[in-house]
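Please construct the entire structure, taking both the sequences and the accompanying hints into account.
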Amino acid sequence: TQLLEQSPQFLSIQEGENLTVYCNSSSVFSSLQWYRQEPGEGPVLLVTVVTGGEVKKLKRLTFQFGDARKDSSLHITAAQPGDTGLYLCAGPGSSNTGKLIFGQGTTLQVKP
Amino acid sequence: SQTIHQWPATLVQPVGSPLSLECTVEGTSNPNLYWYRQAAGRGLQLLFYSVGIGQISSEVPQNLSASRPQDRQFILSSKKLLLSDSGFYLCAWRRLAITGELFFGEGSRLTVL
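Chains as they are written, first to last, in our numbering: chain A, 1 to 112; chain B, 113 to 225.
Treat the hints with caution; some may be incorrect.
Unchecked claim - Covered stretches of chain A (in silico footprint by chain B; criterion: 3 or more residues with CB under 8 Å from a CB of chain B, positions within the stretch not fixed):
no.: 1; segment: 41 to 52
no.: 2; segment: 82 to 93
no.: 3; segment: 104 to 111
The hints are simulated quantities; they were obtained by calculation from the structure and are not laboratory data.
Backbone N, C-alpha and C fix where the C-beta goes; we use that ideal spot for every residue, glycine too.
And the structure:
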């Protein structure tokens, strides 16, 4: 069974601090996605990483896919209150049904 | 561009009452559609998915059912709601690519009293 484990589950920091969220698995994934969800809304896709070792940047957010394609990380530089939300990683399941496997999420709270 | 909408946004229902949540997609044809349920602040549990009209796959045995009467319409239903059906329900469509990103609706908050 493919599983994605995220850590930490909850993170509360002050504005301006840096943070890293991890998404780990014992299985190889062909790609991994990161979503951000604000309270009362649906998740929104941030990025997809496809190649082992790949690094993608989205303003202050840096996403990395592990060399073995079993893990990914999200690093936020100089966090802002607008970064507050639930961050979810997800990857395609091994079947051909198009189902995504989601991690349990990391709740980030950035205090002004 | 593709858009996805679901309604109602908020619903408060008594135990034993029926449920109907509707989801529609615009700007794409024959999409793969999904219903998820989310506990407060946590990950997503896949409930149903559909690859075409009338084709429904259920992921977990439960008090809910799904239907796809039209290509871009996906409905989540229950004949008799339970307290445990409370939650945040999300509809999504999948981009037809190997990476298979999902695009979600706004969500429906269901409270069963």
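So, going through the hints one by one against the coordinates:
| no. | hint | in the structure |
| --- | --- | --- |
| 1 | 41 to 52 | holds (count 7) |
| 2 | 82 to 93 | holds (count 4) |
| 3 | 104 to 111 | holds (count 3) |
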